[in-house]
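Residues per chain are reported as follows:
Protein chains: 2
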Amino acid sequence: MKGDKYLAHKAKLKIIPLGGLNEIGKNMTVFEFGNDIIVVDCGLAFPDDEMLGIDLVIPDITYLLKNREKVRAIVLTHGHEDHIGALPYILKQLNVPVYGTRLTIGLVEYKLKEQGILKDSKLITVKPREIVEIGQFKVEFLRTSHSIADSAALAIHTPVGTVFHSGDFKIDFTPIGGEIADLHRFAQLGEKGVLVMLCDSTNIERPGYTMSERTVGETFDNLFRKAEQRIIVTTFASNIHRVQQIIDSAHKYGRKVAISGRSMLNVVNVAMELGYLIVPDGLLIDIDEANKLPHDKVAIITTGSQGEPMSALTRMASSEHKKVEIVPGDTVIISASAIPGNEKLISRVINQLFKKGANVIYEALADIHVSGHACQEEIKLLHTLIKPKFFIPVHGEYRHLVQHAKLAETLGMPPQNIFIVDNGTVLEFTKNSGRIAGTVTAGKVLVDGLGVGDVGNIVLRDRKHLAQDGLLVVVVTISKETGGIIAGPDIISRGFVYVRESEDLMEESKNVVRDVLSKCKKEGISEWATIKSMIKDDLSSFLYEKTKRNPMILPIIMEI
Amino acid sequence: MKGDKYLAHKAKLKIIPLGGLNEIGKNMTVFEFGNDIIVVDCGLAFPDDEMLGIDLVIPDITYLLKNREKVRAIVLTHGHEDHIGALPYILKQLNVPVYGTRLTIGLVEYKLKEQGILKDSKLITVKPREIVEIGQFKVEFLRTSHSIADSAALAIHTPVGTVFHSGDFKIDFTPIGGEIADLHRFAQLGEKGVLVMLCDSTNIERPGYTMSERTVGETFDNLFRKAEQRIIVTTFASNIHRVQQIIDSAHKYGRKVAISGRSMLNVVNVAMELGYLIVPDGLLIDIDEANKLPHDKVAIITTGSQGEPMSALTRMASSEHKKVEIVPGDTVIISASAIPGNEKLISRVINQLFKKGANVIYEALADIHVSGHACQEEIKLLHTLIKPKFFIPVHGEYRHLVQHAKLAETLGMPPQNIFIVDNGTVLEFTKNSGRIAGTVTAGKVLVDGLGVGDVGNIVLRDRKHLAQDGLLVVVVTISKETGGIIAGPDIISRGFVYVRESEDLMEESKNVVRDVLSKCKKEGISEWATIKSMIKDDLSSFLYEKTKRNPMILPIIMEI
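These protein sequence lines are chains A and B, in that order.
For the first sequence, position 123 (counting from the first letter as 1) is numbered 128 according to the numbering used here, and the numbering increases by one without interruption.
For the second sequence, position 224 (counting from the first letter as 1) is numbered 229 according to the numbering used here, and the numbering increases by one without interruption.
These are calculated hints, taken from the structure and not from any lab test.
There's no promise every hint is true.
Stated by the list, open to error - As a list, the in silico DSSO-like pairs of lysine-lysine whose alpha-carbon atoms are at most 30 Å apart: (1) B:Lys231 / A:Lys385; (2) A:Lys553 / B:Lys127; (3) A:Lys97 / B:Lys551.
Stated by the list, open to error - In silico contact screen, one side only, chain A against chain B (beta carbon under 8 Å); selected entries: (4) His256; (5) Gly259; (6) Ile355; (7) Val480; (8) Ile497.
The structure displayed is predicted, hence computed values, not measured ones.
Using N, Cα and C, we set each Cβ at its ideal position, and we do this for glycine too.
Isolated chain A, as found in the complex:
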């Protein structure tokens, strides 16, 4: 019996997304065949607005832990946080080898070192077109273009057929760094036959083509040529090609370059060491040196393209940066677009910079950024080359997955061969068939400080309540014998009203509490839970009537 089941099982490939579907970020997909599991990507997501106080979100890997003896490796497509950011957390629970291209592994190395777990990890660097055997999988890394160097698509060869995973990609015919996406191999794979494709849906709503990274270089050239004073440029730290273009423009126009911001320094160092960033000798100087040079000889590359409150550019804009003070005449270039949710933060920084007299160049005013993701025509090119039998749109919210499915249909794919699924869905493929075969545990694990998963809905609900209307603590000491009040009631409030201007309200609130207690005494109610809930109810009604607010009420009864 067991043998039969095993044989039947053997002929099927399972694909189980654990992250990246119906959300942006936290990308992770499980490929399972017989006794072998490989995991593609291990990313984090940033918290939603409702996840108050949460630092970051990682995938729930219950399924992997249950099957830990099967898990052979984590395979990475590229080095962005939404693809590698959960590694320090996951490797602590599941220490398996990690495969990736050179820059990706370089960035992972740095990350694991920081967390003190590098020495226990096994990191394996793979070259484009190299095929690595992992259990019954043969994983082939194929070059793509993206907003980070060394990004890869994966052709995962399995006993039932080849799976193509696009990773994050775009098609840039004139990329910085020179090497374009491996269209030739994509075509070969398509010709031979691809069973399933998983493909990036991020920009599926945008018609046409994403402009080449090189077009941003032309804008930089223009701006650097015209700028008469200091130039400060911010972009995503991981966008090595963007940084390369800034460095090239600075070099061309006789400016030295200083770097500000921890993550920018880290990435630049890793990229230089590995040869992904080519910097002329003597061009890079530190900020102290830069401050001694004439302003027209200096460019500063900095973090803060999303207006992050603690980033270098934000600190410069609010005069809190220790080494860089914005002065009239500075040109500040924000070479990025807003990730949804960050619009107001960026806007605030732009306003502050203008107030200091800087000339601020941002996306609304100049072609100073291109996306790292393929638009509709590029996505069509990939579908056409790969011509998979089955298709799973990935990396997107539900709306993106739906639009991507529609696009695939316009290219001739039968709707029943397209799977719009959720994290945790088990898809099962044979050589000729594909179906939804069930679900496994999947979800969000919230990281807050050192706590991984210890903040859940109750804690978040309380934080939200406290954030809206603050709280009121009522303390009273009562006698064990008589039930009479010995001390209090005292009332302490935070985040509710100005206490100084609300003395009357506080006095009246104490009276409400006294009334409840005397009523309880009179009626012989001595259950603490009942008394507390009566205090909560009466006080809550009283305060709502007076203020139309609903503070959290915490009654504390001490008995002696």
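Position chain B against the provided structure of chain A, taking the given hints into account.
Frame of chain A, contents of chain B only:
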């Protein structure tokens, strides 16, 4: 002496913005000449992300209250919340006549009725090109186009010259409703000479022209022609012309129309009563009736274009609407663009609607919205017609004001005649000169429930702290005589950690408190403030070390 000063004073016009500069919303500008003050617009703003729990923000009118005997009127340019929303609050403190065009006054009437202060208010309806004398001011209302009907620019004729205030505007050559901006009168005014112009800066970053409202109608026509089942359209309630076009399309394609959402119902009723919305007899039905019709005979117009959590569309999307259930085949049209900060809310609603099988049409996919504000070429047209001597860019963040000033310079205006100022700045004009003459109190008054201005920085700081890491209340009863512990320490936490999974942490925390108390007893420290601050410090360090979180700590000592 006093007389001299008064005479000198008389020959000068003061313009004092109290809102709308370096911010979006809360528009209010004071015009003062001698003993006469008029106030243009009386708007609210929506709270920033940091203003936790705040409902809305209104201007600080300290200056007006100090000069209450001078204030003759409030003059409104149009009926949007950021121009009329603060009226119920301001009129309670300063009951002066309110002037506006017919629809504007209609909407104000409704608002004041709701607040129960209509009977005490004096509302005066003015026609386009009508001139009203208010003190020494002659205020002329001039038709413009905007995303609400009956919007007006103002020519304010004063003894030192004419001031032109654009209000919110765009130039639509084919407006719905038929009447275009009064370019002829603008030209006359410019020819005669305008001293100062205040002009809307909202879309100053956008090149070209804002498309005509009529183009959206063409999209509606297309969508209504193709839709085979029910159509649900959401837009800003106040966009009467948009609602008119939806109604026209519904009528053309044989659909009845039902309205959902309180604010949509209100505006539609006011607009129909006043003749701004022309609805064929019998076309409007209520939702219960609509639910009895075949789906291809129904269109629903609803609130929720910004994904507002309590709005009708959001409730439909999350299956919480009592009367409308989204079913596969529904076409949902979101005829709006995201106000910055609302992107994620809207995105969530779109995803939910797709999941229910609706075909969702939104801005990324179709030309389903146009802005209500002028782009660069329209703004240039206005500057060119009015050719003011002095210019104050208004209605925008600092970056918008700067870009608007730059645009004015390209049109030949001398930089020294342009005033980029802040709320509270006093600008003083004579027939030939303009200068910054000082500042007055200006700012944000926060409204939270019934409280107007009772929530300030301390309360908001506490709410933010509580939102991030929750709180820990420590209660202990100690003896007056011995200083020894009689009861406790008890610890209660909310929004910090799951209490059930953190019993050890709570026990250890109690020990930290016990240690502090015994140390205090030993060292003879009996000042409560000192003891409390020691508990806070030690517990805070302990918890940060254990969790890397910083909950608010509230030590409460009861003494008996």
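Each hint, compared with the structure:
1. B:Lys231 / A:Lys385: Given pair Lys231 (chain B), Lys385 (chain A) holds - Cα atoms ~26 Å apart, limit 30 Å.
2. A:Lys553 / B:Lys127: 29 Å, holds
3. A:Lys97 / B:Lys551: 19 Å, holds
4. His256: Violated. Min distance 30 Å.
5. Gly259: The hint is violated - Gly259 (chain A) has no Cβ within 8 Å of chain B, the shortest such distance being about 28 Å.
6. Ile355: 5 Å, holds
7. Val480: Because about 5 Å separates Val480 (chain A) from the closest Cβ in chain B, which is inside the 8 Å limit, the hint holds.
8. Ile497: 6 Å, holds
Figure legend: structure checked against the earlier numbered hints; hints not met, in rising order: 4, 5.
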